[in-house]
Amino acid sequence: MNFPERFSNLPEYAFPRLRTLLDHHQPGGDVIHMTIGAPMHDFPSWVTDVIMENAAGFQGYPPNEGTAELRRAITDWIGRRYGVTMDPETNVMALNGTREGLYNAAMALCPEQKNGQKPVILCPNPFYQVYMVASISVGAEPVFVPATAATGHLPDYASLPDDVLNRTVAAYICSPANPQGAVASRDYWAELISLAEKFDFRIFADECYSEIYRDKAPTGALTVAQELGADPERITLFNSLSKRSNLAGLRSGLIAGGPETIKRVKQLRNYAGAPLPAPLQAAAARVWADEEHVAENRALYQEKYAIADEVFANVQGYMPPEAGFFLWLPVDNGEETALKLWQQTGVRVLPGAYLSQGDSGQNPGEHYIRAALVAPKTELQQGLIKLRDCIYS
1 MNFPERFSNL PEYAFPRLRT LLDHHQPGGD VIHMTIGAPM HDFPSWVTDV
51 IMENAAGFQG YPPNEGTAEL RRAITDWIGR RYGVTMDPET NVMALNGTRE
101 GLYNAAMALC PEQKNGQKPV ILCPNPFYQV YMVASISVGA EPVFVPATAA
151 TGHLPDYASL PDDVLNRTVA AYICSPANPQ GAVASRDYWA ELISLAEKFD
201 FRIFADECYS EIYRDKAPTG ALTVAQELGA DPERITLFNS LSKRSNLAGL
251 RSGLIAGGPE TIKRVKQLRN YAGAPLPAPL QAAAARVWAD EEHVAENRAL
301 YQEKYAIADE VFANVQGYMP PEAGFFLWLP VDNGEETALK LWQQTGVRVL
351 PGAYLSQGDS GQNPGEHYIR AALVAPKTEL QQGLIKLRDC IYS
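Residue numbering for the sequence shown follows the UniProt record's numbering, starting at 1 and increasing by one per position.
It is worth saying that the hints were derived from the structure and are not from the lab.
Mimicking DSS-like on lysine-lysine, the simulated pairs with C-alpha atoms at most 27 angstroms apart in a straight line are:
1. Lys266 / Lys118
2. Lys304 / Lys386
3. Lys263 / Lys114
4. Lys340 / Lys377
5. Lys198 / Lys114
6. Lys386 / Lys340
7. Lys263 / Lys198
8. Lys263 / Lys118
9. Lys266 / Lys114
10. Lys304 / Lys340
11. Lys304 / Lys377
12. Lys377 / Lys216
13. Lys216 / Lys304
14. Lys198 / Lys118
Each pair of labels, with its calculated beta carbon distance range:
15. Asp200 / Pro11: 25 to 33 angstroms
16. Asp290 / Met40: 17 to 25 angstroms
17. Trp46 / Pro161: 47 to 55 angstroms
18. Ser8 / Pro161: 24 to 32 angstroms
All of these numbers come straight from a predicted model, not from anything done at the bench.
All C-beta atoms, glycine included, are put in the ideal place defined by N, C-alpha and C.
Please put together the full structure from these sequences, using the hints given.
Next comes the structure, spelled out in C-alpha coordinates:
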(Lines of atoms letter the chains of each structure in order from A and count residues from 1; the text may use other names and numbers.)
(Lines give C-alpha, C1' and ligand atoms only; values in the text may rest on other atoms or scores of the structure.)
Protein backbone atom coordinates (compact mmCIF):
# COMPACT_ATOMS: atom_id res chain seq x y z
CA MET A 1 0.00 0.00 0.00
CA ASN A 2 1.39 3.38 -1.03
CA PHE A 3 0.74 6.45 1.08
CA PRO A 4 1.19 10.14 0.17
CA GLU A 5 4.59 11.52 1.06
CA ARG A 6 3.52 15.08 1.86
CA PHE A 7 2.71 14.29 5.50
CA SER A 8 5.49 11.79 6.13
CA ASN A 9 7.95 14.28 7.59
CA LEU A 10 5.58 16.18 9.87
CA PRO A 11 6.90 16.64 13.41
CA GLU A 12 5.01 14.72 16.05
CA TYR A 13 2.08 16.70 17.46
CA ALA A 14 2.91 18.58 20.66
CA PHE A 15 0.88 16.61 23.20
CA PRO A 16 1.81 13.06 22.19
CA ARG A 17 5.38 14.32 22.17
CA LEU A 18 4.94 15.66 25.68
CA ARG A 19 3.54 12.33 26.88
CA THR A 20 6.59 10.58 25.46
CA LEU A 21 8.83 13.00 27.36
CA LEU A 22 7.07 12.83 30.73
CA ASP A 23 4.83 9.84 31.20
CA HIS A 24 7.46 7.18 31.93
CA HIS A 25 8.66 9.31 34.86
CA GLN A 26 6.89 9.64 38.20
CA PRO A 27 5.59 13.11 39.14
CA GLY A 28 7.35 14.76 42.07
CA GLY A 29 4.13 15.89 43.75
CA ASP A 30 0.43 16.37 43.23
CA VAL A 31 -0.14 16.77 39.51
CA ILE A 32 -1.00 20.27 38.32
CA HIS A 33 -1.88 20.46 34.63
CA MET A 34 -0.71 23.64 32.88
CA THR A 35 -0.19 22.28 29.38
CA ILE A 36 -3.40 22.33 27.34
CA GLY A 37 -5.37 25.54 26.89
CA ALA A 38 -8.68 23.94 27.81
CA PRO A 39 -10.84 26.53 29.63
CA MET A 40 -12.02 25.44 33.08
CA HIS A 41 -14.28 28.34 34.02
CA ASP A 42 -18.02 27.70 34.04
CA PHE A 43 -19.97 28.30 30.87
CA PRO A 44 -23.39 30.00 31.12
CA SER A 45 -25.78 27.74 33.03
CA TRP A 46 -28.62 28.34 30.56
CA VAL A 47 -26.74 26.77 27.63
CA THR A 48 -27.98 23.27 28.46
CA ASP A 49 -31.55 24.60 28.76
CA VAL A 50 -31.37 26.00 25.22
CA ILE A 51 -30.04 22.70 23.91
CA MET A 52 -32.84 20.76 25.58
CA GLU A 53 -35.48 23.18 24.33
CA ASN A 54 -34.26 22.57 20.79
CA ALA A 55 -33.47 18.86 21.15
CA ALA A 56 -35.93 17.90 18.40
CA GLY A 57 -33.42 19.41 15.99
CA PHE A 58 -31.17 16.40 16.47
CA GLN A 59 -33.62 14.50 14.25
CA GLY A 60 -32.80 16.41 11.09
CA TYR A 61 -29.75 17.46 9.13
CA PRO A 62 -28.54 20.91 10.23
CA PRO A 63 -28.05 23.82 7.83
CA ASN A 64 -24.59 23.52 6.34
CA GLU A 65 -23.62 27.18 6.64
CA GLY A 66 -25.39 27.75 9.98
CA THR A 67 -28.96 28.69 10.81
CA ALA A 68 -30.17 32.17 9.95
CA GLU A 69 -30.40 32.90 13.69
CA LEU A 70 -26.80 31.86 14.32
CA ARG A 71 -25.43 33.78 11.37
CA ARG A 72 -27.36 36.87 12.46
CA ALA A 73 -26.01 36.51 16.01
CA ILE A 74 -22.49 36.27 14.58
CA THR A 75 -22.81 39.36 12.40
CA ASP A 76 -24.41 41.28 15.26
CA TRP A 77 -21.44 40.33 17.45
CA ILE A 78 -18.96 41.39 14.77
CA GLY A 79 -20.76 44.71 14.54
CA ARG A 80 -20.59 45.28 18.31
CA ARG A 81 -17.03 44.04 18.70
CA TYR A 82 -15.32 45.35 15.58
CA GLY A 83 -17.64 48.11 14.35
CA VAL A 84 -17.99 46.35 11.00
CA THR A 85 -21.34 45.69 9.32
CA MET A 86 -21.58 42.28 7.63
CA ASP A 87 -24.34 40.49 5.75
CA PRO A 88 -25.32 37.20 7.46
CA GLU A 89 -26.17 35.74 4.03
CA THR A 90 -22.90 36.49 2.25
CA ASN A 91 -20.17 37.45 4.74
CA VAL A 92 -20.16 34.75 7.43
CA MET A 93 -20.45 31.02 7.93
CA ALA A 94 -20.66 28.94 11.10
CA LEU A 95 -17.79 26.53 11.70
CA ASN A 96 -17.45 23.28 13.59
CA GLY A 97 -14.64 24.87 15.59
CA THR A 98 -12.10 27.25 14.09
CA ARG A 99 -9.58 24.50 13.35
CA GLU A 100 -11.91 23.40 10.53
CA GLY A 101 -12.01 26.92 9.14
CA LEU A 102 -8.30 27.60 9.44
CA TYR A 103 -7.63 24.42 7.48
CA ASN A 104 -10.42 24.71 4.92
CA ALA A 105 -9.66 28.35 4.16
CA ALA A 106 -6.35 27.27 2.68
CA MET A 107 -8.03 24.43 0.80
CA ALA A 108 -10.74 26.67 -0.65
CA LEU A 109 -8.85 29.89 -1.25
CA CYS A 110 -5.18 29.22 -2.05
CA PRO A 111 -4.19 28.68 -5.71
CA GLU A 112 -1.86 25.93 -6.91
CA GLN A 113 0.61 28.44 -8.27
CA LYS A 114 1.41 32.13 -8.04
CA ASN A 115 3.39 33.91 -10.73
CA GLY A 116 4.12 30.49 -12.24
CA GLN A 117 5.80 29.24 -9.07
CA LYS A 118 5.03 27.11 -6.03
CA PRO A 119 2.95 29.23 -3.65
CA VAL A 120 4.03 30.26 -0.15
CA ILE A 121 1.91 30.46 2.98
CA LEU A 122 3.40 32.50 5.81
CA CYS A 123 3.19 31.23 9.38
CA PRO A 124 4.29 32.80 12.66
CA ASN A 125 6.87 30.79 14.56
CA PRO A 126 5.78 29.60 17.20
CA PHE A 127 2.47 28.67 15.59
CA TYR A 128 -0.75 26.69 15.82
CA GLN A 129 0.02 23.41 14.07
CA VAL A 130 -2.96 23.53 11.70
CA TYR A 131 -1.33 26.45 9.84
CA MET A 132 1.53 24.21 8.74
CA VAL A 133 -0.60 21.21 7.84
CA ALA A 134 -3.05 23.34 5.85
CA SER A 135 -0.13 24.78 3.88
CA ILE A 136 1.29 21.35 3.07
CA SER A 137 -2.16 20.03 2.14
CA VAL A 138 -2.57 22.56 -0.65
CA GLY A 139 0.93 22.01 -1.99
CA ALA A 140 2.24 25.33 -0.71
CA GLU A 141 5.56 25.98 0.99
CA PRO A 142 5.04 26.99 4.62
CA VAL A 143 7.51 29.74 5.49
CA PHE A 144 7.99 30.10 9.25
CA VAL A 145 8.74 33.65 10.37
CA PRO A 146 10.14 34.09 13.90
CA ALA A 147 7.86 35.84 16.39
CA THR A 148 10.38 36.64 19.10
CA ALA A 149 11.05 39.31 21.71
CA ALA A 150 13.00 41.21 19.04
CA THR A 151 9.84 41.52 16.90
CA GLY A 152 7.39 42.07 19.76
CA HIS A 153 6.45 38.37 19.63
CA LEU A 154 4.63 38.92 16.34
CA PRO A 155 6.06 37.91 12.93
CA ASP A 156 7.73 40.60 10.84
CA TYR A 157 6.42 39.53 7.45
CA ALA A 158 7.61 42.76 5.83
CA SER A 159 11.22 41.68 6.45
CA LEU A 160 10.91 38.82 3.96
CA PRO A 161 12.56 39.17 0.57
CA ASP A 162 10.43 40.10 -2.42
CA ASP A 163 10.97 36.72 -4.08
CA VAL A 164 9.14 35.08 -1.13
CA LEU A 165 6.41 37.72 -0.92
CA ASN A 166 5.81 37.50 -4.68
CA ARG A 167 4.93 33.81 -4.17
CA THR A 168 2.85 34.38 -1.04
CA VAL A 169 -0.85 33.52 -1.30
CA ALA A 170 -1.80 33.75 2.38
CA ALA A 171 -0.42 34.74 5.77
CA TYR A 172 -1.67 33.33 9.05
CA ILE A 173 -1.55 35.67 12.03
CA CYS A 174 -2.76 34.97 15.55
CA SER A 175 -3.64 37.97 17.71
CA PRO A 176 -3.69 37.74 20.67
CA ALA A 177 -0.84 35.38 20.00
CA ASN A 178 -0.69 31.80 21.16
CA PRO A 179 1.57 31.22 23.07
CA GLN A 180 3.12 34.63 23.75
CA GLY A 181 0.01 36.70 24.49
CA ALA A 182 1.19 39.56 22.25
CA VAL A 183 -1.44 41.77 20.61
CA ALA A 184 -1.29 43.23 17.12
CA SER A 185 -1.68 47.00 17.27
CA ARG A 186 -3.61 49.05 14.75
CA ASP A 187 -0.29 50.01 13.14
CA TYR A 188 0.77 46.38 12.91
CA TRP A 189 -2.48 45.42 11.18
CA ALA A 190 -2.27 48.44 8.87
CA GLU A 191 1.28 47.55 7.81
CA LEU A 192 0.37 43.92 7.24
CA ILE A 193 -2.74 44.82 5.24
CA SER A 194 -0.71 47.25 3.11
CA LEU A 195 1.87 44.51 2.51
CA ALA A 196 -0.87 42.08 1.52
CA GLU A 197 -2.36 44.64 -0.87
CA LYS A 198 1.05 45.30 -2.43
CA PHE A 199 1.91 41.63 -2.95
CA ASP A 200 -1.68 40.41 -3.38
CA PHE A 201 -2.06 37.80 -0.68
CA ARG A 202 -4.77 36.97 1.85
CA ILE A 203 -4.60 37.45 5.62
CA PHE A 204 -6.04 34.65 7.75
CA ALA A 205 -6.68 36.44 11.07
CA ASP A 206 -6.96 33.93 13.92
CA GLU A 207 -8.46 36.00 16.75
CA CYS A 208 -9.73 33.21 19.01
CA TYR A 209 -8.28 34.79 22.17
CA SER A 210 -9.67 38.26 21.43
CA GLU A 211 -12.01 38.44 24.42
CA ILE A 212 -9.43 37.57 27.11
CA TYR A 213 -7.29 40.61 27.86
CA ARG A 214 -6.05 42.85 30.65
CA ASP A 215 -7.48 46.32 30.08
CA LYS A 216 -8.16 47.20 26.46
CA ALA A 217 -9.89 45.05 23.85
CA PRO A 218 -7.41 44.07 21.12
CA THR A 219 -7.84 45.79 17.78
CA GLY A 220 -9.26 43.48 15.13
CA ALA A 221 -8.08 43.01 11.57
CA LEU A 222 -11.54 43.71 10.14
CA THR A 223 -11.71 47.06 11.92
CA VAL A 224 -8.45 48.26 10.42
CA ALA A 225 -9.24 46.85 6.98
CA GLN A 226 -12.48 48.83 6.95
CA GLU A 227 -10.67 52.00 8.04
CA LEU A 228 -8.15 51.56 5.21
CA GLY A 229 -10.73 50.70 2.59
CA ALA A 230 -8.96 47.43 1.84
CA ASP A 231 -10.29 44.84 -0.58
CA PRO A 232 -13.10 43.06 1.34
CA GLU A 233 -11.65 39.70 0.23
CA ARG A 234 -8.27 40.55 1.76
CA ILE A 235 -9.08 39.60 5.40
CA THR A 236 -10.60 36.34 6.57
CA LEU A 237 -11.49 36.37 10.27
CA PHE A 238 -11.73 33.34 12.54
CA ASN A 239 -13.11 33.28 16.07
CA SER A 240 -15.02 30.93 18.35
CA LEU A 241 -16.85 30.39 21.62
CA SER A 242 -14.14 28.08 22.98
CA LYS A 243 -12.12 30.68 24.90
CA ARG A 244 -14.61 33.56 24.92
CA SER A 245 -17.36 31.50 26.57
CA ASN A 246 -15.58 28.39 27.96
CA LEU A 247 -17.41 26.22 25.43
CA ALA A 248 -14.62 24.37 23.64
CA GLY A 249 -16.82 21.26 23.43
CA LEU A 250 -19.67 23.11 21.73
CA ARG A 251 -17.47 23.48 18.62
CA SER A 252 -18.99 26.77 17.57
CA GLY A 253 -16.67 28.89 15.46
CA LEU A 254 -17.05 31.50 12.76
CA ILE A 255 -15.41 32.53 9.54
CA ALA A 256 -16.05 36.01 8.18
CA GLY A 257 -14.84 37.65 5.00
CA GLY A 258 -15.75 38.95 1.58
CA PRO A 259 -18.65 37.42 -0.41
CA GLU A 260 -16.41 35.48 -2.79
CA THR A 261 -14.35 34.15 0.11
CA ILE A 262 -17.41 32.83 1.92
CA LYS A 263 -18.92 31.47 -1.30
CA ARG A 264 -15.83 29.35 -1.92
CA VAL A 265 -15.58 28.12 1.67
CA LYS A 266 -19.29 27.22 1.65
CA GLN A 267 -18.81 25.26 -1.56
CA LEU A 268 -16.03 23.20 0.02
CA ARG A 269 -18.18 22.68 3.13
CA ASN A 270 -20.92 21.23 0.90
CA TYR A 271 -18.62 18.33 0.09
CA ALA A 272 -16.24 18.06 3.04
CA GLY A 273 -17.81 19.74 6.05
CA ALA A 274 -19.42 18.65 9.29
CA PRO A 275 -22.00 21.25 10.34
CA LEU A 276 -22.92 21.80 13.95
CA PRO A 277 -26.12 19.99 15.09
CA ALA A 278 -29.13 22.31 15.11
CA PRO A 279 -29.65 22.32 18.92
CA LEU A 280 -26.02 23.34 19.37
CA GLN A 281 -26.45 26.07 16.78
CA ALA A 282 -29.42 27.38 18.77
CA ALA A 283 -27.29 27.48 21.91
CA ALA A 284 -24.43 29.14 20.05
CA ALA A 285 -26.73 31.88 18.76
CA ARG A 286 -27.72 32.71 22.34
CA VAL A 287 -24.13 32.66 23.55
CA TRP A 288 -22.84 34.96 20.78
CA ALA A 289 -25.61 37.40 21.74
CA ASP A 290 -24.68 37.57 25.43
CA GLU A 291 -21.78 39.64 26.76
CA GLU A 292 -22.41 39.45 30.50
CA HIS A 293 -20.80 36.02 30.91
CA VAL A 294 -17.87 37.14 28.73
CA ALA A 295 -17.08 40.05 31.05
CA GLU A 296 -17.29 37.73 34.06
CA ASN A 297 -14.96 35.26 32.41
CA ARG A 298 -12.48 37.98 31.50
CA ALA A 299 -12.45 39.24 35.09
CA LEU A 300 -11.43 35.78 36.30
CA TYR A 301 -8.48 35.76 33.91
CA GLN A 302 -7.52 39.26 34.99
CA GLU A 303 -7.29 37.92 38.55
CA LYS A 304 -5.01 35.17 37.26
CA TYR A 305 -2.82 37.73 35.48
CA ALA A 306 -2.41 39.45 38.84
CA ILE A 307 -1.40 36.18 40.52
CA ALA A 308 1.18 35.46 37.82
CA ASP A 309 2.56 39.01 37.94
CA GLU A 310 3.01 38.72 41.71
CA VAL A 311 4.62 35.27 41.62
CA PHE A 312 7.07 36.21 38.85
CA ALA A 313 7.64 39.84 39.85
CA ASN A 314 11.35 39.27 40.49
CA VAL A 315 12.01 36.78 37.69
CA GLN A 316 14.29 38.20 35.04
CA GLY A 317 12.77 38.00 31.58
CA TYR A 318 9.20 37.48 32.74
CA MET A 319 6.85 39.04 30.21
CA PRO A 320 3.32 39.68 31.48
CA PRO A 321 0.95 38.59 28.70
CA GLU A 322 -1.15 41.33 27.16
CA ALA A 323 -3.98 38.90 26.43
CA GLY A 324 -4.87 35.23 26.13
CA PHE A 325 -4.27 32.77 28.96
CA PHE A 326 -0.72 31.51 28.51
CA LEU A 327 2.59 32.41 30.10
CA TRP A 328 5.59 32.22 27.77
CA LEU A 329 8.42 31.78 30.24
CA PRO A 330 12.14 31.99 29.40
CA VAL A 331 14.29 29.03 30.46
CA ASP A 332 17.64 27.54 29.50
CA ASN A 333 16.09 24.57 27.72
CA GLY A 334 12.35 23.93 27.42
CA GLU A 335 12.45 20.13 27.30
CA GLU A 336 14.88 19.81 30.19
CA THR A 337 12.86 22.31 32.23
CA ALA A 338 9.54 20.54 31.58
CA LEU A 339 11.04 17.19 32.63
CA LYS A 340 12.66 18.68 35.74
CA LEU A 341 9.40 20.34 36.78
CA TRP A 342 7.48 17.11 36.34
CA GLN A 343 9.96 14.96 38.24
CA GLN A 344 10.49 17.40 41.09
CA THR A 345 7.06 19.07 41.53
CA GLY A 346 4.34 17.35 39.47
CA VAL A 347 3.71 20.56 37.52
CA ARG A 348 3.11 19.78 33.85
CA VAL A 349 4.04 22.41 31.23
CA LEU A 350 4.76 22.34 27.52
CA PRO A 351 8.25 22.87 26.04
CA GLY A 352 8.16 25.85 23.70
CA ALA A 353 10.03 23.97 20.98
CA TYR A 354 6.99 21.72 20.57
CA LEU A 355 5.07 24.75 19.28
CA SER A 356 7.81 25.93 16.92
CA GLN A 357 9.71 24.83 13.87
CA GLY A 358 13.48 24.73 13.51
CA ASP A 359 16.50 22.72 14.50
CA SER A 360 18.27 23.18 17.83
CA GLY A 361 19.72 26.67 17.98
CA GLN A 362 17.27 27.88 15.31
CA ASN A 363 13.99 27.08 17.04
CA PRO A 364 12.48 30.26 18.57
CA GLY A 365 10.63 28.25 21.21
CA GLU A 366 13.63 26.23 22.39
CA HIS A 367 14.35 28.44 25.39
CA TYR A 368 10.76 28.78 26.60
CA ILE A 369 8.00 26.83 28.29
CA ARG A 370 4.29 27.49 27.93
CA ALA A 371 2.10 27.41 31.04
CA ALA A 372 -1.68 27.71 30.77
CA LEU A 373 -3.55 29.89 33.28
CA VAL A 374 -6.68 27.74 33.20
CA ALA A 375 -6.65 25.90 36.55
CA PRO A 376 -8.68 27.18 39.52
CA LYS A 377 -6.97 30.12 41.21
CA THR A 378 -5.69 28.31 44.32
CA GLU A 379 -4.31 25.42 42.29
CA LEU A 380 -2.86 27.82 39.72
CA GLN A 381 -1.08 29.88 42.37
CA GLN A 382 0.41 26.74 43.92
CA GLY A 383 1.59 25.54 40.52
CA LEU A 384 3.16 28.88 39.60
CA ILE A 385 4.99 29.10 42.93
CA LYS A 386 6.33 25.55 42.51
CA LEU A 387 7.41 26.42 38.99
CA ARG A 388 9.19 29.60 40.10
CA ASP A 389 10.93 27.97 43.04
CA CYS A 390 12.04 24.95 41.01
CA ILE A 391 13.30 26.82 37.94
CA TYR A 392 14.19 30.36 38.92
CA SER A 393 15.45 30.11 42.52
